[in-house]
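Protein sequence lines correspond, in order, to chains A and B. The opening residue of the first sequence carries number 4 in this note's numbering; numbering runs sequentially from there. The opening residue of the second sequence carries number 70 in this note's numbering; numbering runs sequentially from there.
Hints are supplied without guarantee of correctness; some may be wrong.
Stated by the list, open to error - With a Cα cut of at most 30 angstroms, we get these calculated DSSO-like pairs of lysine-lysine:
| # | chain 1 | residue 1 | chain 2 | residue 2 |
| --- | --- | --- | --- | --- |
| 1 | B | K209 | B | K438 |
| 2 | A | K305 | B | K109 |
| 3 | B | K148 | A | K41 |
| 4 | A | K50 | B | K148 |
| 5 | A | K50 | B | K367 |
| 6 | B | K182 | A | K305 |
| 7 | B | K182 | B | K231 |
| 8 | B | K209 | A | K41 |
FYI, nobody ran anything at the bench for these hints, they're computed from the structure.
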Amino acid sequence: MEKKENKRKFTSGKLLNLAPVIGMILMAAVFLAIAYMKDVNIPYSFKNILNQSIITMVVATGAVFIYTLGAFDISLGASMCVSALVGAMAYNRTGSLLIMLGVCVGCAVLVSLISSVLASVFNLPVFVTTIAMLSLLNAFALVLIKANGTGDVVQVPANAVRGINTVWFKLIVLILFLAFCIFAFSFMKLGRQEKFVGGNPICAALSGLNASKLSIIGFMMAGLGVGLGAFLTITYAPTLSRNTAGSVGMDVIISIVFGGMPVSGGARSRIYSAAVGSLSMTLLSQIMLMLNFDSGISQMVKAVIFLLVVYVSMLNSRKTILPR
Amino acid sequence: MKLIKKFLVMQLSLLMAICLSACSSGGGSSAEDPTAKTVKIGVLVSDTTSAEALSFRSYYENYIKSVYNVDFMYSDELKDAAAEQSAIDNFIANNCQAIISFASADRPAQIEKCETEGIYYAVATGTLTDEQYEQFKSYKYYVGAIGPDLAIEYQAGYDMAKFYLDQGYTKFGMFTGASVYFTEMHIYRAAGMIAAMCEAGNGDYEGAKGMDIVGKIMSEGGNVNTGKIGSVELNGVVAGYDFDDAWFGKLAAVANDPNVEVLLAVGSGQTAFAGFKPEGKMLGDIDCYTADSVGLMKAGTLNYLAGKFSASIGPIFAATLSAVYGKPIRTADGNAFALSQGYWIATDAETAEKYFEVDSSTTAPAYTKEKLDTLIGASYDDFAKFVSAYSFEDIQK
Numbered sequence: 004m005e006k007k008e009n010k011r012k013f014t015s016g017k018l019l020n021l022a023p024v025i026g027m028i029l030m031a032a033v034f035l036a037i038a039y040m041k042d043v044n045i046p047y048s049f050k051n052i053l054n055q056s057i058i059t060m061v062v063a064t065g066a067v068f069i070y071t072l073g074a075f076d077i078s079l080g081a082s083m084c085v086s087a088l089v090g091a092m093a094y095n096r097t098g099s100l101l102i103m104l105g106v107c108v109g110c111a112v113l114v115s116l117i118s119s120v121l122a123s124v125f126n127l128p129v130f131v132t133t134i135a136m137l138s139l140l141n142a143f144a145l146v147l148i149k150a151n152g153t154g155d156v157v158q159v160p161a162n163a164v165r166g167i168n169t170v171w172f173k174l175i176v177l178i179l180f181l182a183f184c185i186f187a188f189s190f191m192k193l194g195r196q197e198k199f200v201g202g203n204p205i206c207a208a209l210s211g212l213n214a215s216k217l218s219i220i221g222f223m224m225a226g227l228g229v230g231l232g233a234f235l236t237i238t239y240a241p242t243l244s245r246n247t248a249g250s251v252g253m254d255v256i257i258s259i260v261f262g263g264m265p266v267s268g269g270a271r272s273r274i275y276s277a278a279v280g281s282l283s284m285t286l287l288s289q290i291m292l293m294l295n296f297d298s299g300i301s302q303m304v305k306a307v308i309f310l311l312v313v314y315v316s317m318l319n320s321r322k323t324i325l326p327r
Numbered sequence: 070m071k072l073i074k075k076f077l078v079m080q081l082s083l084l085m086a087i088c089l090s091a092c093s094s095g096g097g098s099s100a101e102d103p104t105a106k107t108v109k110i111g112v113l114v115s116d117t118t119s120a121e122a123l124s125f126r127s128y129y130e131n132y133i134k135s136v137y138n139v140d141f142m143y144s145d146e147l148k149d150a151a152a153e154q155s156a157i158d159n160f161i162a163n164n165c166q167a168i169i170s171f172a173s174a175d176r177p178a179q180i181e182k183c184e185t186e187g188i189y190y191a192v193a194t195g196t197l198t199d200e201q202y203e204q205f206k207s208y209k210y211y212v213g214a215i216g217p218d219l220a221i222e223y224q225a226g227y228d229m230a231k232f233y234l235d236q237g238y239t240k241f242g243m244f245t246g247a248s249v250y251f252t253e254m255h256i257y258r259a260a261g262m263i264a265a266m267c268e269a270g271n272g273d274y275e276g277a278k279g280m281d282i283v284g285k286i287m288s289e290g291g292n293v294n295t296g297k298i299g300s301v302e303l304n305g306v307v308a309g310y311d312f313d314d315a316w317f318g319k320l321a322a323v324a325n326d327p328n329v330e331v332l333l334a335v336g337s338g339q340t341a342f343a344g345f346k347p348e349g350k351m352l353g354d355i356d357c358y359t360a361d362s363v364g365l366m367k368a369g370t371l372n373y374l375a376g377k378f379s380a381s382i383g384p385i386f387a388a389t390l391s392a393v394y395g396k397p398i399r400t401a402d403g404n405a406f407a408l409s410q411g412y413w414i415a416t417d418a419e420t421a422e423k424y425f426e427v428d429s430s431t432t433a434p435a436y437t438k439e440k441l442d443t444l445i446g447a448s449y450d451d452f453a454k455f456v457s458a459y460s461f462e463d464i465q466k
């Protein structure tokens, strides 16, 4: 009898773990139903959904390495803005897309490293250093734009990136990065160690894990995602301003939570959460748009659904035994 | 199992709610007469909360939509070029036939995209630069632009400063808004104000006069510096939209500076200065007509207002609709139009109230259906003549 009960609990737990994926599929079904009723251009919409979610997917997937540790980076959007600006300036001087990619990634990884190393050296919570970095990067973005001397924007010629501004190119970048992150998170000890530190830092320290080292690696992975996101942003919209990627920081948090991952990190962190959450968010936005909801109402509906998702994900948290 | 049921019930309720609201709003159509079919127009907006943005939206939603067979779809508040591209993609996916743009992070990219996708595109309350116009004027789907061009922005600033200089005021404070973010509109307005001071004070602004002041401000990173301009004094300047304590502190300091007689704002002057300004000090602003601005004029807090009127976006709507109906308005050379439109200026409460009454009307706004109907399929000359007669008195005729 007890065995049967345990099996039932195990099955329901597994299903609840899949809740974000089921939610995403349901969202896609709703989207298709409404699109059909409203005579929406469905192929274009799918292309549009991918276009709009891929950048967040890439950045959020990298950010999972930070969130798993129970840390929180508020400066991801600002870092992406600065990386894109520096990358664009590098392109304008060299005319090479490869150099632009390298500079975007290098700059983002460097910013991430500074955040995490500062936190380690001064023994500060990472969150605190990222707040400082946010102010610093916002100011730096203005300095870069001013130094470039082209008014309030930095531009890469649209023709230069038109060839790679395709869904296929973005999908390839996403798939390669996802594969790399899944390998590092699920098939290397890095993921397990991060989950341990995120779940119980004291236990992890007593077990000999170096939290600072893991934090630096986690931030580097996030930096990689931010750099690729910056590169993809330039290809999508090659006119950059101080507002570029302004909403990315918040989109990343929402995507990760929407994907069913606890913001507190730990054992229940999932590398696929960011991709699932980001796609669900974009689908939801498209549904609101098709219904021509006012922007304020859309935000409210999203907030309610956000709370609902967090509630459902909390249903699965076990109170008496350690999570698996 | 209970948990799974709970989850499924929630998901299904959500699905049902969304589907029900989808079913509730549908539209019928007829094939032959173009006016019989609802025309779907996407509106790109970079500002969703200012009084000006709300009054524009109100004109389209509460008047235009009630008298024309059109449906508007609005973007969220667009902050960068990527958001603009996404919004256009959204409109195309939702079968919008035209886009009216109030967003300017990357206008060339917007025009290119609409041309590629075969969707009409028009610029409201703004203009393209000369280079941009030359590049895009022959595009089939580029309808044109109507709005204050940079010369009008410069003149608006000049006229406002001159209004006070002519009364003998010589000590000024300025709010230069987004000049530090290199927003040209604000830089030109500020330059116009300083140019008027140079003329009246028989001096120069750090070696520059007239239009050269624009370049001077640009070279200073969009900052305007305080100092003497001949016999005129510019004793305080605040810029940016930080909305933090330090920013409000600076505004309060300039507003209460005994060496400042007149406060001039390139925009949002009511937000920036009105709350701090002591009685007796003058305030001029370039913004729009709202109940609040009329109230401030009645109270004597605001003395000069150069304001956009909400119906000013009527002609660009008519031109866009005309293009969708297959009657695009083109210049004699077959190009898209680029027309300028200025402000309504009120220097007393009575005038401001009169303007606001017409401007806020949802039944008889400045540009009514009867007036706009004359623009559908109009010749370029007739259209240009109509747009150029934008003063309150001309429109009332």
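Tested hints:
1. B:K209 / B:K438: Satisfied, since the Cα-Cα distance of roughly 26 angstroms is no more than 30 angstroms.
2. A:K305 / B:K109: Given pair A:K305, B:K109 holds - Cα atoms ~25 angstroms apart, limit 30 angstroms.
3. B:K148 / A:K41: Distance of about 28 angstroms is within 30 angstroms: holds.
4. A:K50 / B:K148: 22 angstroms, holds
5. A:K50 / B:K367: 54 angstroms, violated
6. B:K182 / A:K305: 29 angstroms, holds
7. B:K182 / B:K231: 43 angstroms, violated
8. B:K209 / A:K41: 28 angstroms, holds
The structure is inconsistent with the numbered hints 5, 7, although it conforms to all the rest.
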